[in-house]
Structures are given as structure tokens and as C-alpha cells.
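Chain order of the listed sequences is X and B. Take the first sequence: its letters are residues 1 to 539, numbered as in the UniProt record's numbering. Take the second sequence: its letters are residues 1 to 682, numbered as in the UniProt record's numbering.
Hints are supplied without guarantee of correctness; some may be wrong.
What the hints assert, rightly or not - What follows is a list of derived Cβ distance ranges for each label pair:
no., chain 1, residue 1, chain 2, residue 2, range
1, X, Lys526, B, Ala268, 52 to 60 Å
2, X, Lys115, B, Lys590, 22 to 30 Å
3, B, Ser221, X, Val31, 33 to 41 Å
Derived from the structure by calculation, the hints contain no laboratory data. Every residue, glycine too, gets a C-beta built ideally from N, C-alpha and C.
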Amino acid sequence: MGLSSAATIPSDAVKLCVFDRTRGQREGEEVEKILFFHPPELPLGDQLSVVGLSEGLITFTRIFSPDAACEVIEAERHSHVFYQAEPDIWMVMVVERNRELEAIWRIEALRSILKEVHSLFIMFFGSIRTMLGKESSGSVVRSHLYSFITDYLFDFSSGKKLQLPTFRDSLKERGTVQMLTVGREAAVEIQNNKNSYVFLYCSILNSSGRLCLRLKSLVRVLESCAGSVRCHSLILFHDLLVSTSLYPDDTVNLYTYATMRMSPRALSSSSRSWSYLYRGSTAAHLTTGSVLPTSSSSSEHIHRSRDTSPSGDDRYVIVRPLQQDKWSKGKDGFLVTERWSSDAQTLNSSIPTIWLKQTEEMMYLCAHQHKNVTIILLIPVTSINSVERDIPIVKQQFLENASLKILKLEEKLSKGWGGENAYHVSGYRYLLVDGDRNVSRASPAAKVTTLAKESLVAMCKLREEVDLEKSIMKLDDERCEKDLEVCIRAKNNAWVIARAMRGKELYMVLEKANETLLYASEAMDKFSNRYCNGAFSLD
Amino acid sequence: MLPKCPIVPRANGYPIVPGACGFPSPMASDSVSPSSSSDSAYDSAAYQNPNPNPNPSDKPINAIDGQLMSSLVLADSTDSVNHEEGPPSSVNEGDIVDANVLASEESDRTVMVEVDVREEEEEEVQRSEAVVVEERETGGGGGEGEVWRVNSELEVDAPDSPNSSGYAGERGTSSASSACGTGEDDICQVRDGDFVNGVVESQAVWIPGKRHVDEDDASMSWRQRKKHFFILSHSGKPIYSRHGDEHKLAGFSATLQAIISFVENGYADEANNGDRVKLVRAGKHQVVFLVKGPIYLVCISCTEEPFESLRGQLELLYGQMILILTKSVNRCFEKNPKFDMTPLLGGTDVVFSSLIHSFNWNPATFLHAYTCLPLAYPTRQAAGAILQDVADSGVLFAILMCKHKVVSLVGAQKASLHPDDMLLLSNFVMTSESFSPICLPRYNPMAFLYAYVHYLDANTYLMLLTTSSDAFYHLKECRLHIEAVLLKSNVLSEVQRSMLDGGMHVEDVPVDPSPRSGSASPHLGQHSPERVREAYTGTGGPCGLWHFMYRSIYLDQYVSSEFSSPIGTPKQQKRLHRAYQKIYASMHDKGFGPHRTQFRRDENYVLLCWVTQDFELYAAFDPLADKALAIRTCNRVCQWVKDVENEIFLLGASPFSWWGKRIEKCFAEWPVGGLIAGHLRL
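Isolated chain B, as found in the complex:
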């Protein structure tokens, strides 16, 4: 047995929209303060429902209630809500926490994991920039002031909410029509029927934890889901299924296991090394397999994503599992092949479903790079400096993030953090909140670290990772110190401003090719007055540029432009995401190494991809874009990125040894300090 995390569900499932159906979560009790942000298209749909039913006892709510309750089976709610417990008790000393040891001491542990029941992937939630934050600290933490935040992701889509992306405006008109489209992975037939009354019964509000639990492999709706993920044990026992109840899928799980072992045994070579099935293709469907020791992962999808992408997603799913349990779970299988793992992952459905959702929108899931919140260089420096202070006091990593974007991060000497680990960690943290043992699969898959996580505001959170299980109080002090400094130095307000302003807008790509002098370089988000944004309304940036992503190879970071209106709807964004995924896979085919350039024109886009030793650029244009102009625009984008690299990347502030070297190399090669190695020639 491994540590089981009591779950405190967040109140997110409840539409706390003033005047609509606002009521507090029964589970979150008084420690809950509804905060609002905008993460769910369905929330938005609820808000826009002209006649929202204010009666909490109405059917959809009951249904959710039921599901909420059912998701709590594993959690002793009365205990787990007891936040005053303060720091979790010590479990184990030392760096490596053996899962078995942990298991034996499980009962001592009161690790709080507060589950953020945020959107499920199918909701295709929009990541709106219009965030209205409301956060109250609970008194539950007592004198310690520890915040066990219950973060309702429901948005108050106030008409006057500050929004610079023009994105919220889209939502009002598109939400109804995109509701089906946004759930592209869902089954549209089912949905269409649900739309009759203007309310999608099951989706007007999103459901905490797993959905479609009533389905199994016999249900037609289950079979028609566009993307399934399964985790099973090598004996065929279900561990996780994205759709449907694992227990009801035992037979199906056994079938998957049978396919894997049939191929393994049926095609063994002379040395008796079994073969491994990787992919089965049938029409639009792909069945992708990944075998990780005693753990089998399977994805069944008709989303037309490349095989390599789906396999990468299975790798991340496995990583997420390791993050929660460490690889030492393998030992349990060694002892007992029929070991049942589901209790160990109890309540973590939401972590997985959130990760799976991110496969649809987060480029980090295939770029293996992270992205930073755009910030003025001094602001980021200030944040880095204070994090550095605590890093010297026994903290392995100190990371300040805002949603999935990094504000700053520092690590102890010689410790480096893989972008995939950051993705998995932030996904875990955003869906649960705790001082809890976690494992960074790319750092050390066998060892637990302890993550102290604290939300500084609705989106910004601080993660302090340590090897010491009893460092809670110390980390809390660190946090208080950091928080005070951040407030004083206005970092937090800058962070919030940046969230509202967004980062790079394609509309702002400099049209004038003349080299900019340093002083003329505008800050991001401060649009030069001569630029008439309206001129491009509906057409994106110059020369039909709709969007771009730039990945710096040395920095392990990427920056992507804000979505402009030609790709304003979640459906369009998901399609672009998938197109990027496809061209990434096409460029990075194993064998002879990545291709250099690719130009791809189809009915949806012109995509231009340019890979050099130092960076990768992905740009999407109008399908009718002119080739020569597109290339020229790409060069300008690169130049622009270079001009503002101080603000969009985390540069050189890290003590990571490898990183320092990389940066040195980077700057030695281009004395100008540029990240641009060359020009894409016409």
C-alpha cells in the first residue's frame, strides 16, 4: 500500500454565479470561499443560460451531488476537511521514501489533498484571460494562516471584466454553438439531443471527478467517446479509465491485457524476447499501447493525432501516476501480480482527467518545454531573488507559477527540473493542494519529494520541493517570507496584470523590418499607439499570421502567441493544437534527426515550421497566405521574440549548473544576446 491522500473536494462543481444558482459547497463548509475565475466554457454556458434554475434541488445539481458523493467514497470527509491539523506528520526520513514503508505508516499520514474539480477535458474549457479573482483565506488554518483554498473555477463573466484578448467577447456568441464542438472528443450525437432545452443537462456545469461512470464497454455512448485512456496492471486489472467505471471495465481491461500478451508471446524471437504491440489502426481509430513494467497504458482515439503524440501522452499519464506513487509501486506487483492499485490512486481521477484535458490545449505536452508568464525583466529578477534565498535553506526547488506559466524558479545546485516534471507537477498541484509526497519521474522515479504548495492568489502558486518530510514549518516560514517580499515588490500585482494583458499578440508583430533599437522595443502588452489593432480584426496578424509558437532549445522554454480572432473558439484552438502536434511529429521523426524546415498547406492553414539547433518556430497562417510573405513574417516573429526575450523567458536567473552553461554558450555564440541564430531564407 502506498500513501492514500484523503480528498477534500473543492466546491467547483457548483455554479456560484450571483443570481443564478449560487450556494456553497456542502463539503467545503465554512472554510470555503468561492473564488471565481474563468476556466469552463460550461460555466459560461450556465451563466448565459437565460433562465438558470436557481433551485439547488433541481435535477442536474442532484446528479452532480450524487457523483460528488460517489467520488468521495474513499475520502473520509469529516477528517479531511479538518484543516486545523496543520502540518502532516512525519512519515519517513531521508530522501527516498520507500512506497512499502510509506504504506505501513499510511495511517499516520494526514496528507491533505484538496481536489480541484476543475474542468474535464471534454468540456474543452476555454482558458479565458478574463479572470476575476476572488479569494478569501479560510480561517480554518487557525493561527497558522494556512490556506486550504477551495477554488471554484466558476467564472463571473462580468461584461466589464478587463480583457485584452477579445476572447471573452467571442465566448458570448460562441458558447452555445461551440458547446458541442468544444467537446470535440465527446460524442456529438448524444450531445445534440441534450441541447433541446438550451441546457446541456450533464454539462451545463462540470462534474467533479470522473464522468460517465454509468457507462461501460457495452454502452454505445462509451464506445463512441473519441478518446479513451486506460491504465491497467499486467494481470489485466483496471487501474484507471477516463470514461466509465473501472470496475465495470474489468472484462474490457482483460481484453487489452490479452492483446498485449498475445503479441508478446506469439512473436517471441529465438532469445525468447517477446514482441511489443505499439499500435493498432482501424479506420480513424488508433489503439496505442505503452508497456511500463507491470503497468500497461492504452489510448483508444479517433482524434487523428499522430501516433507519436498519443504515445507521448501515455508517457505523461504514466509520469503522472509515478508522480503520485513513485516507481516503487512496481515492487508491489513483484510481490503480488494481482495487486490492486486502484485504492492507492483513490480520488486522483481529477488529476488524470485534468492532464488528459491539457493534451488538448497545452503545447508543453508535446514540446517538452515550459512557458513563462510575460513579465518585465526586473520583476522576474525580484521574484527569482527571493526564491533563491529560500533555495539556499534546504529547499530543492522553489517554483512560482501562475496557472501553467512559470513566474520564476530556482533549484539547489546541480538539481535540474525537467519540463515534463514541471508539467506534471503543476497539473497535480492545480487539481489538488497539499503538503504531500510527490515524485518527479524525470528527476528520480524512485524517490518521493515533499511538495509544499501555497496559492498566493487565485492562479499564482508557490511550490517548494524538499527531500525532508518534516520541513513543513520551515517551508511555511519560507513561504511567508516570500509572500511578503513578493507583495512588497509588487511582483504579484505585476503577475496579475500580465495575466490580464496576455503575452505576445500576432497583431503586434512588427511590420517594419528595420532593426529596432533597444529603447524602441515596446514592452509586451503595451501596444504601440500607431498600431491600429482594429485593422486586423478578424484576420489575425500581418500577412495572414494567425498564431505562432517559439521554443528555445537551450532554455527548455517556449512562448506562444495569444489566440487571435481567426482561432478564437476553443474548437479552432484545439484544431490548431492538433495541427501543431502533427507537424511536430512530422518534423521530429526518429531516424535521421529532425527536418529543418517544413511548409504545409491544407484546407485549414499554412503551417511553417523551422527547426534550428537553437530554436524551433511553429507558425500558422491563413491557408491562402503568400509563401514569401509568410517566410518574411516568420523572420520578423523571430526578431520580435529576440527583442522581448527578457520579458518572455526566464533567463540566466537559475543556478542550475547545466543551465548556466547553456546560457553562457548561448550568449557566447551570439554576442548580441540574441537567441536567433539565423534568418529563414526566402
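The following block holds chain X by itself, in its conformation from the complex:
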């Protein structure tokens, strides 16, 4: 399955904390800073020690680097990965480096976990700072973070351990979308809708482009489901994105969530995954408990983080969007979820709401599934006067106007799609990332596992180098993008290649390649020309 790749790290070997530097300024009140800590059972003193060291180093590094404070601390046995989620709100992950060689990871891969969970949190609840502004004692934030992050980490759990990405995941990129492209020659095409901000990712499915037209017509129907107000939509086939009308950032968040909890695979947890990004299929087999605060699926009640939560009003109902088995498929094809309410406005509503980052709009989220096609429809909250009355009307509209089109689309997609190994290119193990649009494509996970450890470690280190170059580039604030080409012949004779050009990155490992550099670079060019529209060719 290629999914048991992650190193097994005892749960206490991974610490994750969220703290607010503006709180607990007075001596003795430092505990106020802590908004979340995993594992929660760690003694308070140890929690404070992690926060203290982190904060100390943030202050220290600002002496020399006022604009970019501490990002990582590497010690012999631990790595501390920092992420400043919001002004003065920091997330720090501490990972233990055990003696085994498995404990080789890319700092950016770990940081992307922090970024992802924070982005998802914001999508559902808005920013931590805003939440703290509404309720300054911090108990609301703490209970939300506690259930949310714990639910999120559950996906990484394996028994009592957390499986974090290691060097074996070097050909994966979190925080990106995987597009459906049936024909290998297909490239992602962006269309800018005339009079709006909408980006439409559309995969050209065959040379005639007929499917593309079909898709566009469906998107138009979805747009107008709520009458005059325009709705947004996201269409997935299996765990692959087919189309979106959202901005890239919002697309990534929603796509991530959909593949985690709503796609057919996520709903039938026993099914195995082929998505290269899918993490922890094992999680589904586990009984909840070790990591999850409570195992009852309907226990959306208070999860007060123990020590770090001051006494306060506990009568908040905590929504847990990341809870396992949150969604199920209804008879009409719509996905249903249980209670979803976080504030008085939508109390008792079972229609989830999310925030769009780009437009700062709040949207109702409806999801429909037909076989392997999942359609997410976003309806502006402002356009709905009564949830009980209006949403069913929208749904009705949807079924009436779109059902047939969806049926046809599903048929065509299923017919044209090559299956789990659709993106396998024999001889190559690759990862292709389009940083501007947050899109990635990669060799199937099962194929990547055939690579030797040496090759994967070499790729991991090479990616770390590229990460560093990129981050320095970013700090220089030169708008020019990193243009880099590195071909390494590793000790085991594998070619490990990275090429970054015009915001796109291509990584590949060629194990059974000829020994010459020219051969390797020709193989790279061939790939670039055939599958990337020559994006990485020099001329």
C-alpha cells in the first residue's frame, strides 16, 4: 500500500503546541500563553519549558533577524519546527530524533502540517486572534483547538503513536491539490472568468475537449443553483480535483477537507487509498481513544483542555469538523452531517459553514455525491434568510438541473480514467509541483515505495536544500523565481534530480538509469516535454 512508510514515533515523541505571546506576560502567569498542547497529559512544567524555550529563541533570533524569527531549532535528538500562524500566535512542533535512520525528515514537510491544520481551523472558525478577541479568557479557543487539532492528529495516529512524514514521503507535497488529468498530455488550463474573480481549473480530458464543455456547463448550472446569488463549486472525482471556482488557497483548504472526510474513500474508511497524499489509511482501522479526547461520535460537547484552561463558561458547543465519520451519504445523494453549530446564529443547524479566505465570505457547505463524483456547493450565507426553508430549495434546484449532467460526467470520467496508476510513468519516480496554483502531481505511492532508502534519503536532503534556497529567495523579496537545476548521482547510482523554474518544481528519482549525466538530463527533458508542456526545458 505504500502507506506504512512513516516512521512510528511514540506519541510522546511528538509535541505540538500553540501559544500566544501576548498573553501571560506576568511572572507566574505563563501558563496563560498556552492555547493548545499535545500530548495533553504532559506535566505542565514540561509544557511551559517547551513554550519558554520557543519564546526565548523567538526573542533571541529577532535580535539579528527582526523580520523572520526562529523557524527551526535542531538539536542532536530533537527538532523544533516553528510556524507563526498569526501575529504573535505560534505553533511549535517538537519531534524526537530517535537513533534509527527513519528519523530523517524535511522541516518544511513538518511545517506544512502546522500550516494545514491552522488553515483548516481558520476555514471553519476564523482566526484564533478573533476568537480570543471575542472571549479573552481563552477557554473557547482552547476547547476549539483541543478538539480540532486532536481530531486532525488522529489521521496521523497508528496505535498509540503518531506517524509523521519522513524521508519516505519526499515525493509528496502537502498543501497542494491533485488534479484529474486523464490524458497524459493534458495540462491544467486556467480560465479567467470575464467579469469575476473566478478561476476555473479545468482538465482537458481528451483532445476533442467535449468533456471540458460538459464540465463547464455543469459548473454554470451549479453557479446558479441559488437563483441570482452566485454559488461556488468544487468537483472531485475520487480524490482528485476536477474543477473549482474558488481561489487557489480556498481550493486547497476545501480540497484537503473533502479528501480527508467527504470523498468516497473517506466515507468508506475501509477502502484503500491510491492518492499519493493520503495519509494514514491505518487510522481508519483504529479504535478511537488513544489520541481522540472522547470516542463518542456525538460527543460534541465541551473538551476543556485541562490545566491550561482557566475556569470559565463551559457551555459552548464545540463543532468538530474533523471528527472521524463526520459525514454520511443520504438517500438523495447529499452528504449529511450531524449537529454543526458554533454560534447562536446557526444554532441547531446541520448545514456547515466555512469561511472563504480570499473574499472573507461565510458560505454554507452542501455536498453531493454520485458514485465517485463529489460536488461541493458553497452558498453565501448572506443570501439565505432561513436555512430550514431555503437550503432544501437550493438542493432541489441542484437535483433537478444538475443530476443528469453529473450522471453523464461520472460516466465519461470513469471511462476515461486510468485508475490508481494513471499517473505512473515507468522508469520515473517524480513529483511535480506548481507553486503558483498549489497543484501537484506525483508517482503513485505504491510505486515510490519501490525506491531504495538511499535514493529517498538523497531526495529528502536535496529537497531540503531547495527549500532553503526558496525561503532565502522569498526573504530577498526579489520577485524573480528560483531557477535551479540539480542532478546528483547518489552513492547507490540513482539519479536524484531537482529542477525549479518559473514557480514550478520537478523532482525525480531515476534508479535504473544509465550512469551518464547527459542520459539523466535527457530523461528529465523528455519528461518535461511530454508531461509538463516543456515547462522545465531550458529553451
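Since the structure of chain X is provided, determine the placement of chain B on it from the hints.
Chain B only, in chain X's frame:
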């Protein structure tokens, strides 16, 4: 307490440029003869200053004077200038000189360390090949003729100075613009302001010893320095800081100590083994830690050098400290954790700053190999033979060097010298001059050896290392003997000629791939007439080759080409140095052993690195260079190196036992005598 070395500052800080502001050093008195060489870009800047102020009482000079004086606090100048003292008195017998013992007898010792206040790293001094040497022996040594050389590194950049590298020509035009760039590690904002009058106030002449002593961690300028180095004790006491006054940095030092101990104590495992912080990264900044027993070393840098390189630099810095003090300094900390080490290192700032400067230009700092001065094989043989003579008479190592390049070296049976030790030793010697106890950290970190050092000319110096502390007179005799032979056999003039000619020029890489016969192989520096150097002017060698370095693994030696015009400025050279450093780190990642080949293209270069069991080749090309041609050129470079290996490497002349075996193996495997094991396949 450990031996304290009275310091005799050299007169280098003074711009002894005829017609400019030439005046003798007040400290060096009559024993000083200004010699001139070209080591400082700022010297050059001073020279080029259209209106240099001849008034010695002018402000910059006063400022330097003040700093010079302040750097002398520890040295009793009147005593230490008294060179007639002759050989230092015996301190201790035996091989291992215990630091504590030494300390107790410190007062007896009159070890002369003459500090060569050469460039600070930030000056980004150019290593110009145009060296005009002027050396006068002082009469101070009396009948002994012992030279306590005061080597002014100020150059007389005479327009007609012989120069084959085209390098000096660059300097005239680039010095003004590169002054900021050359001090890449410095803060440019500060500098820009200083440039208003065409004179960089603080840098028109370089400052002896430590600079920026007025700064501390509260100063913005201090915080903006690109590269800091700190040495502190485990109790948080500052020992050395590259920038700023250690004493003012006590608070900062304590913070560093706190970070180290916090990580150590905060993450102890079940067995109570503490964790060790290695690196903190923040934006472009890296804070690198190295814990060596009671000594903590920290580098804070935004130079984008790889972590492994910075850590290697801390290791060398530690080695340099050990070279001066031996590891027995640890015992002082065992007795008293709050032991203050600064007095022991008094006056050695310049040794450290010179080492730190070498991190910017000297490939030996990361290659762990040394480089030789290119010389005709018989010439080197002649030098080796005479050194061998003295090595048989109780000298542990006899080393003849020219700047940082080895002319020849021999060692007693079974004694081998690590390239890192050579780097540290030559760095120490070039910044100070003495018969002094030193320790070779890779040879025996606990023991002192005695180094007799004598400059034969401005750049060429002889080092005789012995275990005997009272061998001064004997070593002096050895030296006189060696010197006479070297003069007679023209080795010294050959050495000087080689310095002027330079070594391998990329412009001379043979274009014709046909194998050269032995006789056709040209000597280095004698460019074949058909080669029209001008054809490549501004473009480097064939196929866009700009530079290369070749490291022979068996020999522990490397050779690097002279800088050609595409990398003519110090800024460009430093960038290339850093690029090499980066690719070295990338190739030598710990774990599965070194990679075999790497091709890297970015906006600055195409870099090709090729590592085999026998050698490593690093080559830099124009970023637009063609891959296939680049590979072909690399093969030619390797072939060329093989053709001239007699001249660029020290081969088989050493009695080092391990070395002999290596050479044997080397030649057994390739009967042709080649060092090239194969061809980089296209």
C-alpha cells in the same frame, strides 16, 4: 594559567606607501623594516585614494593608534620588543607540556609572538599575486641574525609590478565599487555612509586586532554584522567575540550559554543524557552551536553557508584555540568552572580573525586538504632533501611554506600531519612569529610542540616543529643550513617566480583532447605560444570554464586554478567560494557516503562536482555552459592535472609511513602514474 605570549605588533596598520602616509610604526621601532606585499584591498584603496592625507596625525590614524594601543594592553611592549633576548628560556622538558605547569613558569617565558596585524576578514582582502617584496633583516637579533620580521602587508601596487593573472589590473577599477561588496560580511548600510568622501574612514587602512570594539549587543551595527563568532566558557563567560568587546558582551554570552543549557537540561532522556542544540534557523540567519567540553562555540551568520560548513568553521576555531593553549585548558575549568580564559588568549585576536577571514577564501577550510606552490619537480625535490636532512636530527616536522601553500614538508617516522593542523599552524604563524609552544589538535591535543618559525622572504617561511623546548639553537642552526642550501639551489627564487606566475590558469586547459606526450607537457606558467590568452579575456577558459579545484584524496592535497576574469573581484571569488562550500556539503552529506556526481545550475554558475575514490573535482562554468561540453572540459582538466601532477603536488617525497603506502597504492593501481581513475562519462 597558561603561557601568555607577549605581543609585538607589526607595523602593518600603517600605510607605508611612498608619498602617501608613510611612517614607521611607533611600536616596531628600528627593528622594523617595512616590507610590502599586497594583501589588503583597503591598502589598495588607500593607495588609490587620489588625495591621501599625508598627515599622520589625521583622524583615521589616530583612531588606529588608539586601537593599536588598546590591543597592547596585555603586552609589555618594551620588553617584548627586546628581541635580543634570543632564544626563549626553557620551560619544560618532555613531550607533553602540562598547561598548569606551564602556567606556573609563565613568568620565565619570554616567548616572542610577533603579531602580524594583517587583514581582517571583513576587509575581504584580495590575495593578489602581485607581490613586491621588500624585506630587511633587523639588526635587533644581534649576532644571531635572528629576524623578527615586521611584515607590513601594505602593498605597493606599482603599475609595473609583474603580474600574470590580470588580477591587479582588476583592482584598480574595482576597488572602489568592491569595497562594500568585498566586505560582504559587513553591514553595507554603515559602509555606504562612510563612502561619502571617497574614503572609508574605518577601513581605508585596516585595523590591527579586533575591530568594532565599541560595539556590543545593543548596537544596531553589531546586530547587523553578517557573521559573528563567539567562544565562551560553559559558565557563560565570554572568551572571544569576533565583533565587539568581549567584556561588554558578557550578558549576551550568558544568553548563549542559557540556550545551550536549556536545551541540554530540558530534553534529557531517561539516562539523563542531555540534548545538544546544534542549529537555530531564523530567516536568513543561522545560529550554529558547538560544545567542546567546557568550551562553547557559537556562530551567528546570515551568509547562507551550509550548516555543515559553519560547524566545520567552529571546529577549526576550536582547533586554533587548542593550538595556542592545548586541551589541558579543560583542567582549569575542572578546578574552577568560573575560570577566566581571556588572559590566556590575550593578543591572539588577530590569529582568530585571520582564521575567520580564511573561511571566506581558503578552500582548505572545508576540503581538509592542503595545497602546494607549483614548482618544478626537481626544485621541490631539492627543498625536500634539505628538509629531510634536519628531520633526521630530532625535528618532528620541517615545513617550508609560502603563504598558505606548501613548498615541501617532511616529518619524522610515523608522524603525520593533518591538513587541518597545517592550516591552523600556518594561520598562526602568518599572524605571529615566534619560537613558541603550539599544539597540533589533530596530532595530539594534549601536548605542546615547539615551533621555530623563520621567514626566508616576505611570504616564504620555514617551520621546524620539535618536542624539545630547548632546541632553539639547534633549530636555528638547522635553519641556517636549510636557508643556505635553498639559496644555493635557487629554490627560493623559484618559489618567488612561482608566486608571480601563479599555478593553473583555466585559459590554459588544453583544448586538444589528444593525449599529450610527456615531453609536450608544458610547465605551468609557461603558456604555450599558440594559446592566445586574449581570445578568452573576460570569458575564462574553454567551454565557459571559470574555475576548478581538484582534490587528491590519497595525497590530502588540492590544487585550484587561478581566478580568471569572470571571477576577478573579491566579491565574485567569495561567492564562488561559498558555492563550492555548498556543493561540498551537499555532496558529503553524512549517512550513505558521498554522492558520485552533481550537476547544479543556478543563476550564477554551472557547477560540476565529481567524486571518486581517488579524487574530487569541482568545476565552475558560465551558467549558460553546455552540459556535454562542460563534462568534456572536466575530463580535460583531470587529464591536465595528471600531466602536471609533478609540479602541483608534493609527491612521494615524504617519509610519512602512511603516506608512502598510499603513494605506493596509488601508483600500483595506475601504472601510468596517473591520479586519474577514470573518465567522467558523457
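To see whether the hints hold, each was checked on the structure:
1. X/Lys526 to B/Ala268: 52 to 60 Å: Because 53 Å falls inside the window, the suggested range holds.
2. X/Lys115 to B/Lys590: 22 to 30 Å: holds (29 Å)
3. B/Ser221 to X/Val31: 33 to 41 Å: holds (39 Å)
Checked against the numbered hints given earlier, this structure breaks none of them.
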